[in-house]
Amino acid sequence: VEFVARHPILVVSIVKIVVLLFVTLTALAYLTWFERKVVAYIQSRVGPLYVGPHGLLQPLADGLKFLFKEDVTPPGADQLAYLLAPFLALSLGLTTLALIPFGPGTVRIFGQDTPLAIANVNIGLLFLFAVTSIGVYGVALAGWSSNSKYPLLGGLRSSAQMVSYEVSLTLSVVGVLLIAGSLDFNNIIVGQEGRWLGFIPKWNVLPQIVGFFCYFTAAIAETNRVPFDLPEAETELVAGFHTEYSSFKFAMFFMAEYANMITVSCLATILFLGGWLSPLPGSWTWTHYLPIVGLVAAGLGVLFDGLRNQRGLARLVFPLLGLALLAASAATVYFGFLEVIQGPFWFLTKVFFLLFVYVWMRGTLPRFRYDQLMDFGWKLLLPLSLANLVVTAFVLLMVRP
Amino acid sequence: MSLPIILFFVFGGLAVIAALALILAKEPIHSALALVLVMVSLAVLYLLLGAEFIAAVQIIVYAGAIMVLFVFVIMLLNTREEERSNLSAIAKYAGLPLAIFLILDLVYWMSRGSARMAMPANAATTAVSTRDLSLYLFRSYLFPFEVTSILILIALLGAVVLAKKES
Numbered sequence: 002v003e004f005v006a007r008h009p010i011l012v013v014s015i016v017k018i019v020v021l022l023f024v025t026l027t028a029l030a031y032l033t034w035f036e037r038k039v040v041a042y043i044q045s046r047v048g049p050l051y052v053g054p055h056g057l058l059q060p061l062a063d064g065l066k067f068l069f070k071e072d073v074t075p076p077g078a079d080q081l082a083y084l085l086a087p088f089l090a091l092s093l094g095l096t097t098l099a100l101i102p103f104g105p106g107t108v109r110i111f112g113q114d115t116p117l118a119i120a121n122v123n124i125g126l127l128f129l130f131a132v133t134s135i136g137v138y139g140v141a142l143a144g145w146s147s148n149s150k151y152p153l154l155g156g157l158r159s160s161a162q163m164v165s166y167e168v169s170l171t172l173s174v175v176g177v178l179l180i181a182g183s184l185d186f187n188n189i190i191v192g193q194e195g196r197w198l199g200f201i202p203k204w205n206v207l208p209q210i211v212g213f214f215c216y217f218t219a220a221i222a223e224t225n226r227v228p229f230d231l232p233e234a235e236t237e238l239v240a241g242f243h244t245e246y247s248s249f250k251f252a253m254f255f256m257a258e259y260a261n262m263i264t265v266s267c268l269a270t271i272l273f274l275g276g277w278l279s280p281l282p283g284s285w286t287w288t289h290y291l292p293i294v295g296l297v298a299a300g301l302g303v304l305f306d307g308l309r310n311q312r313g314l315a316r317l318v319f320p321l322l323g324l325a326l327l328a329a330s331a332a333t334v335y336f337g338f339l340e341v342i343q344g345p346f347w348f349l350t351k352v353f354f355l356l357f358v359y360v361w362m363r364g365t366l367p368r369f370r371y372d373q374l375m376d377f378g379w380k381l382l383l384p385l386s387l388a389n390l391v392v393t394a395f396v397l398l399m400v401r402p
Numbered sequence: 342m343s344l345p346i347i348l349f350f351v352f353g354g355l356a357v358i359a360a361l362a363l364i365l366a367k368e369p370i371h372s373a374l375a376l377v378l379v380m381v382s383l384a385v386l387y388l389l390l391g392a393e394f395i396a397a398v399q400i401i402v403y404a405g406a407i408m409v410l411f412v413f414v415i416m417l418l419n420t421r422e423e424e425r426s427n428l429s430a431i432a433k434y435a436g437l438p439l440a441i442f443l444i445l446d447l448v449y450w451m452s453r454g455s456a457r458m459a460m461p462a463n464a465a466t467t468a469v470s471t472r473d474l475s476l477y478l479f480r481s482y483l484f485p486f487e488v489t490s491i492l493i494l495i496a497l498l499g500a501v502v503l504a505k506k507e508s
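Chain order of the listed sequences is C and F. In terms of my numbering, the first sequence opens at residue 2 and continues consecutively. In terms of my numbering, the second sequence opens at residue 342 and continues consecutively.
These aren't lab readings, by the way, just hints derived from the structure by calculation. Treat each hint with caution, since some may be false.
[Unchecked claim] Keeping only pairs whose Cα atoms sit at most 30 Å apart, straight-line, the calculated DSS-like set for lysine-lysine is:
{"hint": "1", "chain 1": "F", "residue 1": "K505", "chain 2": "C", "residue 2": "K150"}
{"hint": "2", "chain 1": "C", "residue 1": "K150", "chain 2": "F", "residue 2": "K367"}
{"hint": "3", "chain 1": "F", "residue 1": "K506", "chain 2": "C", "residue 2": "K380"}
{"hint": "4", "chain 1": "C", "residue 1": "K150", "chain 2": "C", "residue 2": "K70"}
{"hint": "5", "chain 1": "C", "residue 1": "K38", "chain 2": "C", "residue 2": "K70"}
{"hint": "6", "chain 1": "C", "residue 1": "K38", "chain 2": "C", "residue 2": "K66"}
{"hint": "7", "chain 1": "F", "residue 1": "K367", "chain 2": "F", "residue 2": "K433"}
{"hint": "8", "chain 1": "F", "residue 1": "K505", "chain 2": "C", "residue 2": "K380"}
{"hint": "9", "chain 1": "C", "residue 1": "K66", "chain 2": "C", "residue 2": "K150"}
[Said to hold, decoys possible] Derived Cβ-Cβ restraints for the label pairs, each shown as a range:
{"hint": "10", "chain 1": "F", "residue 1": "Y482", "chain 2": "C", "residue 2": "M375", "range": "31 to 37 Å"}
{"hint": "11", "chain 1": "C", "residue 1": "P280", "chain 2": "F", "residue 2": "K367", "range": "56 to 62 Å"}
{"hint": "12", "chain 1": "F", "residue 1": "A496", "chain 2": "C", "residue 2": "L50", "range": "57 to 63 Å"}
[Claimed, not checked] Listed below are several chain F residues computed to face chain C (Cβ distance under 7 Å; list not exhaustive):
{"hint": "13", "residue": "A397"}
{"hint": "14", "residue": "I401"}
{"hint": "15", "residue": "V501"}
Heads up, the beta-carbon is just placed ideally off N, CA and C, and yes, glycines get one too.
Produce the complete structure using the sequences and hints provided.
Printed below as a string of structure tokens:
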């Protein structure tokens, strides 16, 4: 106890970790719901509908189903690696979120001023790449240890793909590093403050549009998503590296994929889209009420939907939820939390937009062929990100003394 | 005991255990994974010494790139448990005395140097920032840096030539 008392940072960190884990795991579950809904509407279907109102309890049902399924280990599987792989994939996917700053300044927890990130690392970007570079092992080990043909092929494909695209991924952000002159996420975001011509935000996405394209493309390949989801191409490899996995180990791979999506979107927001900075001019003070407007709209929406369309228990829960949201928005203004939530609001809005783009692409684009994938990575993306780096360095050398 | 010292013993011990596992494991993949663990533990020790850039690069280059290729090749060859060949006569008779000698050597130097080598408790004060490191690398030591990169380029070209020859 005395040890803990002498290190209050431990307590604060644990509180922050618990909160972030809870929020993230819930967000992961509902990201699957969101993806299924959006893809369904793209394909003129309605998506999950029966479990709960609007299918909102579907993630919960899926989670319970995963928990109660039999956990099968294929005969001849390498026990240690087979067990290690899903844990490695998920824990690494979640670790990176510890580095993401969700807003500027500090908040008070237990009398300790603490930043809106679990850890402010001054080599944040390098640390993040270090963690994601180990992420390959989860996939490779899962494929190898299953002692089965399809997972092995899937694991090999995905290791090759991740190693190939990691080069472009890392090179594409060096341009941003040159502009920011720092590896610290906070410095990178603060460096993007200001406007061109008084209204265009000085985000890195404009001077680094090529870098952004390279980054986002490579990031989709890194996370094994459509159109680069060859490691789990169901028409060729059943389910790729996690074919033999069942029960909650399968769910862990699933969660790891979505956690990686969130990480990659957060990083894109920080590096290219100005992090927590507002896209609207700071002189427009009324824009500070936008989060509240969103909250009130959501509250009213839920309230009316509950009263008009829902039956049974949902008819009771939905209006109450709506009223709670309205009360929360009023409380936010009343207790002066408005300034604190500005940063997280814009940050999460941008991350959500990028996640939507992810899902949008999944509903729109067909899958690459394997040779196309390798050609695209090595012959187009890599030279492009290299050229971007050289041009950026050259221009910066000309502009800056 | 302060936090850095506890972390030092945890990850130092982990590195030693993983290194032993690396040698003793029969399955090649297990050896490779143990080596990854050694490298990650070493990276944490670098971090405790205040060398955060080296720590990150240690993980990115060794654990994230080189070892991935090792694991990749092991997977491709699909090697299973290694077979134990008979120990050679030299290893049998010279190995044990040599190992004892090396351990004694290590103990001797550690006992002599222990007064000068302080524990990494206050190491953060001597931390070299990434900026300083890059200045050293690209100003003072530019020539060795370029020579090394050309060396790697030659190795790369050699690999391509060898691979082309086969087909």
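Cross-check of the supplied hints:
Annotation: proposed proximity of K505/F to K150/C holds, straight-line Cα distance about 29 Å (limit 30 Å). Under the criterion of a C-alpha separation no larger than 30 Å, the hint pairing K150/C with K367/F is consistent with the structure, at around 23 Å. Taken as a hint, the K506/F and K380/C pair is honoured in the structure, with Cα atoms around 22 Å apart against an allowance of 30 Å. A distance of roughly 24 Å separates the Cα atoms of K150/C and K70/C; the hinted pair therefore holds under the 30 Å criterion.
For the suggested pair K38/C and K70/C, the alpha carbons sit about 25 Å apart, so the restraint of at most 30 Å is met. Of the supplied pair hints, the one linking K38/C and K66/C holds, its CA atoms being roughly 20 Å apart against a limit of 30 Å. A threshold of 30 Å between alpha carbons decides the hint, and for K367/F with K433/F the separation of about 20 Å falls inside it, so the pair holds. Taken as a hint, the K505/F and K380/C pair is honoured in the structure, with Cα atoms around 18 Å apart against an allowance of 30 Å.
Between K66/C and K150/C the CA atoms are separated by roughly 27 Å; this keeps the pair inside 30 Å, and the hint holds. Roughly 36 Å separates the CB atoms of Y482/F and M375/C, a value that falls within the hinted 31 to 37 Å. For P280/C and K367/F, the Cβ-Cβ distance of about 58 Å falls inside the hinted range of 56 to 62 Å, so the restraint holds. For the pair A496/F and L50/C, the supplied restraint of 57 to 63 Å holds, since their beta-carbon distance comes to about 59 Å.
Residue-level restraint check for A397/F holds (minimum Cβ-Cβ distance to chain C is 4 Å; threshold 7 Å). At its closest, the beta carbon of I401/F sits 5 Å from a beta carbon of chain C; the interface hint therefore holds under the 7 Å criterion. Checking V501/F against chain C: minimum C-beta separation of about 13 Å lies over 7 Å; hint violated.
Hint check: a violation occurs at hint 15 only; the rest are consistent with the structure.
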